[in-house]
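> In case you want the letters, here they are:
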Amino acid sequence: MDTGVDLIFKIAAIGVITAVLNQLLINSEKKELGLMVSITGLVVVLLMVIKEISYLFQTIKTLFGL
Amino acid sequence: MIIKIVAIGIVATMLAIVLRKEKPEFAMAVGIVAGIVILTMIMNDIQAVLQSIKIASEKAGVEPRYIALLIKIIGISYLTQFGSAIAKDAGESAIASKIDIGGKIAILLLSAPLLFALLNLIVGILP
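From first to last, the protein sequence lines are chains A and B.
Per numbering that gives the first Met the number 0, the first sequence starts with residue 0, numbered consecutively.
Per numbering that gives the first Met the number 0, the second sequence starts with residue 0, numbered consecutively.
The shape of chain A in the complex, shown without the other chains (with noise of 0.2 angstroms):
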């Protein structure tokens, strides 16, 4: 559990990446890759958010007697 900016710094690395790889892709005629790869860094972040939105909500429900 990584908390701070490299969290936030990493996803959007991800993002720029995938933008890249996605822009590449499409250039050289190969559209379906690029679907792909959009897709599967989304599926990546989203792992990576989906652990940070469950360790918060954990928080909050100790914090507040939820």
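Be a bit skeptical, because a hint or two may be false.
Result set (DSBU-like, lysine-lysine): computed pairs, CA atoms no more than 30 angstroms apart in a straight line [to be verified]: (1) A/K50 to B/K3; (2) A/K50 to B/K58; (3) B/K87 to B/K97; (4) B/K53 to B/K87; (5) A/K50 to B/K71; (6) B/K3 to A/K9.
Rather than coming from a laboratory, the hints here were simulated on the basis of the structure.
Got chain A sorted already, so can you dock chain B onto it with the hints?
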């Protein structure tokens, strides 16, 4: 502390703006994670504030049950606001308003016993 929070907010905003043009979904992820990071940073302070409220109310002789209820309601409103702000950021104001309604109903349900207790008290006082 506050400098750290503002810096994280500014950096996350810039990253989100950069990403919004190409990949709006990643911009949303950056926003969510920035919110989570800032909230986790202030968790300890929130706990301190809640603790001081509890101590003060114990001194004032308020029943601890009511203070626990109040803290629960604060937690629900924090969560609701977090969710609805994310939905609104993504341009889904309809979903955001539904989340808001859900939070309001949850708070109403939690505070209903208290309301009825008050009504019973008033009815008992009345001749």
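> Does each hint hold? Answer for all of them.
To see whether the hints hold, each was checked on the structure:
no.: 1; hint: A/K50 to B/K3; verdict: holds (23 angstroms)
no.: 2; hint: A/K50 to B/K58; verdict: violated (40 angstroms)
no.: 3; hint: B/K87 to B/K97; verdict: holds (11 angstroms)
no.: 4; hint: B/K53 to B/K87; verdict: violated (34 angstroms)
no.: 5; hint: A/K50 to B/K71; verdict: holds (23 angstroms)
no.: 6; hint: B/K3 to A/K9; verdict: holds (18 angstroms)
In terms of the numbered hints stated before, the structure departs from hints 2 and 4, listed from lowest to highest.
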